[in-house]
Each structure stands twice: as structure tokens, then as C-alpha cells.
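Make a model of the complete structure from these sequences and hints.
Line order of the protein sequences matches chains A and B.
One point on numbering: in our numbering, the residue at position 24 of the first sequence is 15, and numbering is uninterrupted.
For our numbering, count along the second sequence from 1 and bump the result up by 184.
To be clear, the hints were calculated from the coordinates, so they are not data collected in a lab.
Any given hint might turn out to be false.
[Stated by the list, open to error] 20 Å max Cα-Cα, derived PhoX-like pairs, lysine-lysine:
#: 1; chain 1: A; residue 1: LYS(-6); chain 2: A; residue 2: LYS43
#: 2; chain 1: A; residue 1: LYS60; chain 2: A; residue 2: LYS43
#: 3; chain 1: A; residue 1: LYS(-6); chain 2: A; residue 2: LYS60
#: 4; chain 1: B; residue 1: LYS288; chain 2: A; residue 2: LYS89
#: 5; chain 1: A; residue 1: LYS(-6); chain 2: A; residue 2: LYS89
#: 6; chain 1: A; residue 1: LYS43; chain 2: B; residue 2: LYS288
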Amino acid sequence: DAKTTQPTSMDCAEGRAANLPCNHSTISGNEYVYWYRQIHSQGPQYIIHGLKNNETNEMASLIITEDRKSSTLILPHATLRDTAVYYCIAYGSSNTGKLIFGQGTTLQVKP
Amino acid sequence: NAGVTQTPKFQVLKTGQSMTLQCAQDMNHEYMSWYRQDPGMGLRLIHYSVGAGITDQGEVPNGYNVSRSTTEDFPLRLLSAAPSQTSVYFCASSYSGLAVTNEKLFFGSGTQLSVL
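As C-alpha cells, this is what we get:
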């Protein structure tokens, strides 16, 4: 399993873009990068995932470097409701069901 | 759709008591799993199942039992509760734990367990 490394915490001003980095230097070729977030004490929520191309959906954009050793989750216009813990996970077919969450990044969006 | 339903939402146990945390999903998902989350920490995988009749251990399986007799249900049993098992427990499901290309986990709202 590829291990991911994220900063413990980040701040972002409301209305600005939030850029959350993730390092996954040992990622293997069949492992996708997934992002989830957990607001307060709710169950985590899926955000986005990708293999090697950049991805965008209604919630966020995912930028994966060409060597796939790192990625950035972008929330284009952060709101106070985006304050949460964000988890970056590398997962592939070799994991066979073991989706392991790390410590994540606590994003605080400030007015 | 109810999604992933966990019961109870809150539970207080005494050391040594046993209990079962219930988890049910109505999305016909093959994959189900249990996580625990201690205060200020990330989620840790306890057990998971890739289909009825199939279960496997996660990161922290000791003290917990699971079984998967139906696709819909995945109960988590605490055999003899200990204070170290005080935590919030989350159940999750997805279409298939082995299908990488569309692996979205759906989580329940959690069970807060205190063991005195």
C-alpha cells in the first residue's frame, strides 16, 4: 500500500481557493488517488479520485503530477462549510478491500 | 434511499459487557467495512467484507468479531468491552471493494460508544 503524507493543518480565507497537497511518492501504477473529507464528527464524504489525469467535478479539482508522486486537491472558492478534515488515500487492486485512512489535513476556512 | 444505517447512535457499556453494533445498507453494495475513530485521530479499519460470507481483518481487529450472512447487513460484535474501545464507529459500503475505477465509499452517521 502506498503511504500518503499530508500537512496536519491549513488555513484558507473564505472565497479563496484552497489547495491541499498530498505526497504519495511510493504509489504504484495501479493505485488511484482518492480524496474524502469529514465535516465535524459526521461520516466521511467522497470528493474525487483520479489515476494520472487531472479530474474535476462539482465539488473540487484534482491535480496529479506527471510522475504521480504527489497531488493537490483544489476547492476553487472555499466557504465556511468546507471546514473539515481532508483525507488523501492511495488505493488500487492490490489493496483488495483495505482502504486505509491516514491522519488527514484539517482545513480551517476563515471569514 | 436510506443509504448506510447504523444503530444505535449512542451506547454506554460497562467493562466486560458484550454488544453488537448494527450496520445495514440498501444499495446492494458488495463491500462493507467498519472503522473506528478515536478523538482527534483518523479512521482505522477494523474489519471488512467483499461479499456475503467473506470477511477479513483490517488494521485493528482485536476484540471485534464480524460476520456477513446477507448482502445488506454487516454487524460488529464487541466480545468483552474494554475502555480502550471507547470510540466512534463508522460503517461504510461501496459497490465493490475490488473495483478500483469507481470506488466511492458511503459512510453511515456513526455510533458513539463509551466503555466505563
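Hints versus structure:
1. At roughly 17 Å between alpha-carbon atoms, LYS(-6) (chain A) and LYS43 (chain A) fall within 20 Å of each other, so this suggested pair holds.
2. Taking the CA atoms of LYS60 (chain A) and LYS43 (chain A), the gap is about 10 Å. The hint holds against a cut of 20 Å.
3. Among the hinted pairs, LYS(-6) (chain A) with LYS60 (chain A) is consistent with the structure: their alpha-carbon atoms are about 11 Å apart, no more than 20 Å.
4. The hinted pair formed by LYS288 (chain B) and LYS89 (chain A) meets the criterion: a straight-line CA distance of about 13 Å does not exceed 20 Å.
5. At roughly 13 Å between alpha-carbon atoms, LYS(-6) (chain A) and LYS89 (chain A) fall within 20 Å of each other, so this suggested pair holds.
6. The hinted pair formed by LYS43 (chain A) and LYS288 (chain B) meets the criterion: a straight-line CA distance of about 18 Å does not exceed 20 Å.
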